[in-house]
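Undergrad: Residues per chain are reported as follows:
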Amino acid sequence: MAKTIIEKIWDEHVVYEEEGKPDLLYIDLHLLHEVTSPQAFEGLRLNNRKVRRPDLCYATMDHNVPTRNTRNREQIKDEIARKQINTLQENCEEFGIPLADMNHPDQGIVHIIGPELGLTQPGKTIVCGDSHTSTHGAFGAIAFGIGTSEVEHVLSTQTLWQAKPKTMEIKVTGELGFGVAAKDIILAIISKFGIDMGTGYIVEYTGEAIRNLSMEERMTVCNMSIEAGARAGLISPDATTVEFLRGREHVPTGEAFEKEAARWLTLASDEGAVYDKTVEISADEIEPFVTWGTNPSMGSGVSNHIPFTKDFAEASDQQAHEKALTYMGLEQGMPLTDIAITNVFIGSCTNARLSDLRTAASVIEGRKVHPTVKAIVVPGSQTVKKQAEQEGIDKIFLDAGFEWRESGCSMCLAMNDDIVPAGEHCASTSNRNFEGRQGAGSRTHLMSPAMAAAAAIEGHIVDIRKFQLDSVGV
Amino acid sequence: MEPINEVKSVITPLNQKNVDTDQIISKEFLKRIERTGFGKYLFYHWRFDAEGNPSEFVLNDERYKDSTILVAHDNFGCGSSREHAPWAILDYGFRVVIAPSFADIFYNNCMKNGILPIKLSVDEVESILSKEAYNVAVNLETQTVTGADGVVYSFDIDPYQKKMLLNGWDEISLTFQYEDHIKAFENKKLAN
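Chains as they are written, first to last, in this note's numbering: chain A, 1 to 474; chain E, 1001 to 1192.
What the hints contain is simulated information worked out from the structure, not anything from laboratory work. Being a predicted model, the structure only gives us computed values, none of them experimental. Virtual Cβ for every residue (Gly too), placed ideally from N, Cα, C. Watch out, some of these pointers could steer you wrong.
Some chain E residues judged to face chain A by a derived CB distance under 10 Å, without partners named [said to hold, decoys possible]:
hint : residue
1    : MET1001
2    : GLN1016
3    : ASP1074
4    : VAL1122
5    : ALA1184
Keeping only pairs whose Cα atoms sit at most 30 Å apart, straight-line, the calculated DSS-like set for lysine-lysine is [to be verified]:
hint : chain 1 : residue 1 : chain 2 : residue 2
6    : A       : LYS395    : A       : LYS368
7    : E       : LYS1188   : A       : LYS259
8    : A       : LYS50     : A       : LYS164
9    : E       : LYS1131   : E       : LYS1040
10   : A       : LYS50     : E       : LYS1189
11   : A       : LYS8      : E       : LYS1188
12   : A       : LYS171    : A       : LYS368
13   : E       : LYS1183   : A       : LYS164
14   : E       : LYS1189   : A       : LYS8
15   : A       : LYS277    : E       : LYS1119
16   : E       : LYS1188   : A       : LYS3
17   : E       : LYS1189   : A       : LYS166
18   : A       : LYS50     : A       : LYS21
19   : A       : LYS395    : A       : LYS323
20   : E       : LYS1065   : E       : LYS1119
21   : E       : LYS1008   : E       : LYS1040
22   : A       : LYS8      : A       : LYS166
23   : E       : LYS1183   : E       : LYS1119
24   : E       : LYS1119   : A       : LYS50
25   : E       : LYS1119   : A       : LYS323
26   : A       : LYS368    : A       : LYS466
27   : E       : LYS1162   : A       : LYS277
28   : E       : LYS1163   : A       : LYS21
29   : E       : LYS1183   : A       : LYS259
30   : A       : LYS164    : E       : LYS1189
31   : A       : LYS21     : E       : LYS1162
32   : A       : LYS374    : A       : LYS77
33   : E       : LYS1065   : E       : LYS1040
34   : E       : LYS1189   : A       : LYS323
35   : E       : LYS1119   : A       : LYS192
36   : E       : LYS1008   : A       : LYS166
37   : E       : LYS1119   : A       : LYS21
38   : A       : LYS50     : E       : LYS1183
39   : E       : LYS1189   : A       : LYS21
If we strip away everything but chain A, and leave its shape as in the complex, we get (with noise of 0.2 Å):
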């Protein structure tokens, strides 16, 4: 019978299974960051319980860590956030799991490091205590963030009790216009079916425009499934994701490397199977989109106004409407270019690789960051940084007058120092605009790289389209 690849991956990892209960699951790979896993380390040592395959575990240090002058945990000012990424660094001895430290040359944001390392590959399933673990999906694995205590019992047994989830397809059809990129189609998404289409399901993306992305872009997609309500969405792989592992750290070489290959491509699900549920959007229909609201779904392609509260048929949206705008300090109708921006934030584990640096350094180069404008670059991890130096990338950011700073999470969540001041509006490439993610009061516009340079120059939204023919004069 013709199967998804998502009951491929998971009949492949039932432990055992019994009428009336979840099925108990094997994890191949389970990643770990400071901030969801102190609890779950101080549950082993309360019960006397070991890490069953450190082995099968790798951590970094991302969320907290600040991205300005210091590499160096005792140097950290804020004293509980110090406390929290040295307990990570003293677990990881304790119970020997391989750890990127703030110096290490692997550290950078969980779900950008597992796939450079070569450590997420297809077939797997893999967890972390963080939602954006969706993003490994795009390699064609089952990848799903867990709460603490899902992280404990991942640590001691290696497994997880979960249910079988129902399947859903999204279809991208057709090809992506000038401008739009793979940001754009993700936002279009939870915009066209909503902040909670994805609950109960497993996301298989397919189509001519998702099949066409790079790995960078697929992941970029994959990362947001969680702003639809689904805790994974998947590709299933193909050439594309065979030629971006070869050669990478974790995964195998030469005539193991084929085989391995081989079998990954068999994991693609076959013609004719059938999902739960299936959704189609098309790629012509999606333009460059902008958030103007408080969660994903609020959003519009960027030649749009924010929606009048008459367009919402329900009381309840028109009062979530009314809400989020008072929050985000606008007005209904307003077209979403007059949006003025003093904050931008290149950055987060949805578009701080090296494509997406590249991408808004082309769309600045030669030009200045608007005088109203603070403009801040945090790649993804110290290799994404690295290589950008190597290609120069950071001086075109530096010469239009943006910082340049060490890999992190930064002003995605501001767990650190990183934060937009209260009632100031941010560009920002990361992934969620709920009140306060930024910093208190920050008001918060999601959006693509080039889309976010485009407004860090100008000062306002503005749409990366008609920036980039007046560029060149047409």
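Given the coordinates of chain A, work out where chain E should sit on it, guided by the hints.
TA: Below, chain E without anything else, positioned relative to chain A:
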């Protein structure tokens, strides 16, 4: 975790949909390495203004001071996987959250902490929210929420999760009983 079966209380009406975990517990409170002590930070930026004074938020309403049941609209607990959200809810004093739907990770996280998440229909939740200082009795065994006005709302829950909550079992200890299966699985994997 603490077993749970019967909970009687006035409900705290949180008349909003898509309440995300960033609102439930804001990131500046995630740096602690303990599981306890998060209650005072629950919904911090909705409960307090920029100067730290109590704002007009339902948790500051005297009528609900001792409430142990929170009721909200669709998609409660969306966003971040932070288990600090249910820890804050529990530490504040809630044992039950009622909503038409929950985000998957949050729902699971409740189950691991002895918090009972109850799904009722949109109409039922609206009816509960519309009643003034409504007292209800929740019974997990019978899977019912009984209002002070005699209305009985029934809910579904996965039998495995129900058993875990009723008994307050430690899931890890239970999973250790499947060690032979895990070992066999690993051996088979190695052989391939």
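Undergrad: Decide, hint by hint, whether the structure agrees.
TA: Structure-based check of all given hints:
1. MET1001: 9 Å, holds
2. GLN1016: 7 Å, holds
3. ASP1074: Because about 7 Å separates ASP1074 (chain E) from the closest Cβ in chain A, which is inside the 10 Å limit, the hint holds.
4. VAL1122: Where the cut-off is 10 Å and the nearest Cβ of chain A is about 9 Å from VAL1122 (chain E), the hint holds.
5. ALA1184: 8 Å, holds
6. A:LYS395 / A:LYS368: 13 Å, holds
7. E:LYS1188 / A:LYS259: 18 Å, holds
8. A:LYS50 / A:LYS164: 28 Å, holds
9. E:LYS1131 / E:LYS1040: 27 Å, holds
10. A:LYS50 / E:LYS1189: Given pair LYS50 (chain A), LYS1189 (chain E) holds - Cα atoms ~22 Å apart, limit 30 Å.
11. A:LYS8 / E:LYS1188: 17 Å, holds
12. A:LYS171 / A:LYS368: Given that 30 Å is the threshold and the Cα spacing comes to 39 Å, the pair is violated.
13. E:LYS1183 / A:LYS164: 22 Å, holds
14. E:LYS1189 / A:LYS8: 15 Å, holds
15. A:LYS277 / E:LYS1119: Cα-Cα ~22 Å, so holds.
16. E:LYS1188 / A:LYS3: 23 Å, holds
17. E:LYS1189 / A:LYS166: 26 Å, holds
18. A:LYS50 / A:LYS21: Holds - the C-alpha atoms of LYS21 (chain A) and LYS50 (chain A) are around 26 Å apart, at most 30 Å.
19. A:LYS395 / A:LYS323: Cα-Cα ~41 Å, so violated.
20. E:LYS1065 / E:LYS1119: 24 Å, holds
21. E:LYS1008 / E:LYS1040: Distance of about 22 Å is within 30 Å: holds.
22. A:LYS8 / A:LYS166: 13 Å, holds
23. E:LYS1183 / E:LYS1119: Between LYS1183 (chain E) and LYS1119 (chain E) the Cα gap is close to 37 Å, so the pair fails against 30 Å, i.e. violated.
24. E:LYS1119 / A:LYS50: 36 Å, violated
25. E:LYS1119 / A:LYS323: Holds: LYS1119 (chain E) and LYS323 (chain A) sit about 25 Å apart, inside 30 Å.
26. A:LYS368 / A:LYS466: 18 Å, holds
27. E:LYS1162 / A:LYS277: Judged against 30 Å, a Cα distance of about 28 Å means the pair holds.
28. E:LYS1163 / A:LYS21: Holds - the C-alpha atoms of LYS21 (chain A) and LYS1163 (chain E) are around 11 Å apart, at most 30 Å.
29. E:LYS1183 / A:LYS259: 25 Å, holds
30. A:LYS164 / E:LYS1189: Holds - the C-alpha atoms of LYS1189 (chain E) and LYS164 (chain A) are around 21 Å apart, at most 30 Å.
31. A:LYS21 / E:LYS1162: 11 Å, holds
32. A:LYS374 / A:LYS77: 23 Å, holds
33. E:LYS1065 / E:LYS1040: 13 Å, holds
34. E:LYS1189 / A:LYS323: 52 Å, violated
35. E:LYS1119 / A:LYS192: 25 Å, holds
36. E:LYS1008 / A:LYS166: 35 Å, violated
37. E:LYS1119 / A:LYS21: 20 Å, holds
38. A:LYS50 / E:LYS1183: 15 Å, holds
39. E:LYS1189 / A:LYS21: 24 Å, holds
Against the hints set out earlier in the document, violations occur for numbers 12, 19, 23, 24, 34, 36.
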